[in-house]
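> The residues making up each chain are set out below.
Protein chains: 2
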Amino acid sequence: MSRIIAHYLIETADDPARAAAIMAGEQSLGTFVKLAAETPERVAKYGARVEQVEVVEEVAEPSLPGARQPQEQSNKPYQRAEVTVSFPLDTIGDSLVGLWTAVAGNLFELAPFSGLKLTGLELPTSFTNAHPGPQFGIPGTRNLADVQTHPLIGTIIKPSVGLSPTETAELVSTLCTAGLDFIKDDELQIHSPHSSFEERVQAVMEVVNRHADATGKKVMVAFNLSGDIDAMRRRHDVVLEHGGTCVMVNMLAVGLAGVQALRKHSQLPIHGHRAGWGMLDRHPRLGMSYPAFSTFFRLAGADHLHVNGLRNKFCESDTSVIRSARACLTPIHTSQPVMPVFSSGQWAGQAPDTYEALGSSDLIYLAGGGIMGHPDGPAAGVRSLIEAWEAALEDITLEDYATTHPALAAALTKFGTAQT
Amino acid sequence: MSRIIAHYLIETADDPARAAAIMAGEQSLGTFVKLAAETPERVAKYGARVEQVEVVEEVAEPSLPGARQPQEQSNKPYQRAEVTVSFPLDTIGDSLVGLWTAVAGNLFELAPFSGLKLTGLELPTSFTNAHPGPQFGIPGTRNLADVQTHPLIGTIIKPSVGLSPTETAELVSTLCTAGLDFIKDDELQIHSPHSSFEERVQAVMEVVNRHADATGKKVMVAFNLSGDIDAMRRRHDVVLEHGGTCVMVNMLAVGLAGVQALRKHSQLPIHGHRAGWGMLDRHPRLGMSYPAFSTFFRLAGADHLHVNGLRNKFCESDTSVIRSARACLTPIHTSQPVMPVFSSGQWAGQAPDTYEALGSSDLIYLAGGGIMGHPDGPAAGVRSLIEAWEAALEDITLEDYATTHPALAAALTKFGTAQT
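Listed in order, the protein sequences are those of chains A and B.
Take 1 as the starting number for the first sequence in my numbering and just add one per residue.
Take 1 as the starting number for the second sequence in my numbering and just add one per residue.
Hints are supplied without guarantee of correctness; some may be wrong.
Since the list gives no way to pick one copy over another, a pair counts as held whenever it fits inside one copy or between any two copies.
Listed next, the in silico DSS-like pairs over lysine-lysine satisfying Cα-Cα at most 30 Å (straight line) [to be verified]:
hint	residue 1	residue 2
1	K218	K45
2	K264	K45
3	K313	K45
4	K313	K76
5	K76	K264
6	K217	K264
7	K45	K414
8	K414	K313
9	K217	K45
10	K76	K218
Just so you know, these hints were derived from the structure itself, not from any lab.
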C-alpha cells in the first residue's frame, strides 16, 4: 500500500459521489491555477482519489447549516454516505502535520457538505515507520509501575482548592498508602502561583520515593507538564531528576508538533490527555472520531490515551468508549499499542463489562469517588477495584466474588444501587 | 482585571444558571476528592465564577446528542443562553496551553449541555504581557512588502499536479511580472518527494530576488514550513538565508506549542493558515468561534490570520467573515493587531463591501481566478484588484471608476455577472 486511506462519513444534498470528488480534488490538486502541465498522468499520480461511496441513509434536514444545494437537487433529501478517499504520499510526504492538513484541513468548510467526519485512517508502513510511536507502551508502563496482571489502578488529584505542593504531597501519601498504582495531575493543574511545577514534583516524589523505599513499589505519577516546548523539556527533566516515572500532556492544547518535540526529548512514558476533544467529536457528523484523532498522537509518541469510561458522567456513549479503547489496543503496523485510560464515574462495577468488551486488562483504570468514597476508606476502595478486576479476569460475577471479598462487597453495597 | 473572562453560548435542558455553575466547577475546582481544605475563601479564590447568564431563546430539539435531562425538567424545552464565566489566574498561571485547557477543555462533553461554544475571551494585561504576540504585524508586513496604502494583493500556488521547484519558480516569475505583492504556498504544499522545501525556496527566491533587483520591489512569499519543531526551525533558516520575507504555518495541525516555538525562533512574519478550523466552528453551537481561536494564535505570535472572504466558495457567512477580520484588526491590550487574510472566490467585486465593513485596507487580499482568469492576463488581473481598492478607498463606485480604468472594466464584465 503506497497511498493513505481516509474514511469519512459525509452528508450532502448533492450527489454523494460528486461531493466526494470535490473533496478529493480540494484536498490534493486544488483549484486556483489550472496549468498546461495538468495531464491525466499527473492527476493520477498527485490527486486524491475517491475509492468508495456507500449511501447509508437519507434525511430531510441538514445536520450543519451553510451547505449549498445544487439547483437540480433542490427537492431531494440529504444523503449520508460512507466514503473512502485515498491520498498519494507524493503530496503529503511523511509528515504528521501534513497528513492532518490533507485529511482534516479545509474540507470541513466545503460548500456541498452538511456533514463531514473523518472516521478512520489506514497508513502505509513507509509513513508509520517515519514516526517514533510510543516509547514505552503497555510492557514499558507495566514494568515501570510493577503491575503485571490487573489494570493499573489510579486516581486523579483534582486542583480543587488551590492545593499547595505540600498539601498535594500529603494527599499523595494517603493514596500511596492506600495501594494505588497510578496517580495523575488534573488536566487543569500545570504550573501556577500556588503550585509551582518544580516544587510539586519535588514534594510529591519525596513521598513516592519514601514509599518505594519502604515497600519496593514505586507509584507511577503522571505530572502534567503541558506548556511551550522549552517549559515541557525543562519540566520533564525535573521529573526525571526526582525519580519520577511518567509525564502527562494535554494533547490538543499543546498540538502535534508539541507532542512530537516532547517525545523526542522524553525518557519517560507520555500520558496523553484529550481535553478539548469534545469540540472535534461531540457532533456525530462533524470533525474527527477518536480512532482517527488518536492515530496522530500515537504516531507522535503518546504511551497512554484517555478514552473516558463505561457509564461515564459525560455525554459519550459506551459504544464510542469501547471503540476508542479497542483502537488504542490495536497496533499500527510495527507501532505498538497504547494503554487506554478509563475514567469518569468509574468504580468496581464497570470492571466486568469493560473486560468483556475489550478482552484485555492492559489499561489504566482511574477512579475518584470509587476509591475515596469507599465506606472503609481509600485502601479498601483500591482493594475493591483490584478484586473487581480479579473477578472479571477469572470470569466470576462480582456478586459471587464479593462473598469472600469484603472490600468489593462494601463497594457493591454503597455504589451498586447508584449505578444503572 | 485580574481574572480571565470567557464568553459562551450554551444550550441546555437544565436550568441555564445551574448548568453554567456545573461548567465553572468542572473547569476549576474539579469534583473527585473533596477536602477539608475546601473552605469558602479558597473556593472564592480558586474557583471559576459564573458572572452572567442571559437566556436568548428556547428550542424543542437538542442541537447535539447525548445531553442528559434532569428529571424535573423533562417536559421543558432546551434553552439557549449567553454565559460569561470568569477564571482566576491563580489556577491557570500565564500559560496559553493552560488557558486553552481551562476555557476549551473537557467542558464540551459535560452532560447538561446540548450545545456549548466558546465565543470570546477577555484577558488581563498581566496574562497578555507574558506572550510575544505578532513580531511584525501590519506595519512590519507593509514595510517588508513595500505596500503602504492598498491591501497586499496576493495569490496562492496550488499544489496542483506535482509542480517541481523549477515549475513553481516559473509560475512565480509570471506572478512577479504581473505585479503581485504577495504569493503563498498552498496549505497542502510543504515538503514532498517532488518538491523539497529547500529546493523550492532556492528556486523561487532566485526569481524573486532577480525581480527585486530589476524593479526594486521584493514580492513577499509565504513558504509553508509546517512540520515538527526541528523541521520548522531548519526551514525558517533556509527562507531567511535566501532572502525570503515570510513563513507560513498551518496553525491547528501544528498546534499552540509549535507556533510558540516558531515565533521564538523566527526573524520573519508568520502567516497563519487555519486549515481544519471548520471542525471547531462549522456548527453554530459547538466548539470555538474564530475570534476566540485567533486570540490564542495571535498571542502565540502569528502576524497574518486567514479569515475567508466575502461571498466565498465555502459555507461561511459574510457576517462571520467580517467578525473574524474585525477581531484581527483590534489590538489585545499592547499586543498589536494582525493582518486578516481574505481568500476564496475573491476578485475586484468584493473590495468595496470589504472596505465598507472593515473601514480598513490593512489586509491581504488573495485571488486566484480573479487574477489568472482575467481576460487580459494576470497583470491586468492584479491591476483590476488594485483599481477596485483605489475606488473603495476613494468612495467611488466600481462602475464609475471602471470608465477610466480598463483592467477593472474588463474584470467587471467577465466576473461581475458570475457573482451574486
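> Hints first: check each against the structure and report whether it holds.
Going down the list of hints, with the structure as the test:
1. K218 x K45: Answer is neither; intra-copy 54 Å and inter-copy 34 Å both fail.
2. K264 x K45: Answer is neither; intra-copy 33 Å and inter-copy 38 Å both fail.
3. K313 x K45: between (48 Å within a copy, 26 Å between copies)
4. K313 x K76: Between copies, since 22 Å is at most 30 Å while 39 Å is not.
5. K76 x K264: neither (52 Å within a copy, 53 Å between copies)
6. K217 x K264: within (28 Å within a copy, 42 Å between copies)
7. K45 x K414: Close neither inside one copy (63 Å) nor across copies (33 Å); limit 30 Å.
8. K414 x K313: Cα proximity of K414 and K313: one copy only (18 Å, versus 58 Å across).
9. K217 x K45: For K217 and K45, neither the intra-copy (56 Å) nor the inter-copy (37 Å) Cα distance is at most 30 Å.
10. K76 x K218: neither (63 Å within a copy, 52 Å between copies)
The structure is inconsistent with the numbered hints 1, 2, 5, 7, 9 and 10, although it conforms to all the rest.
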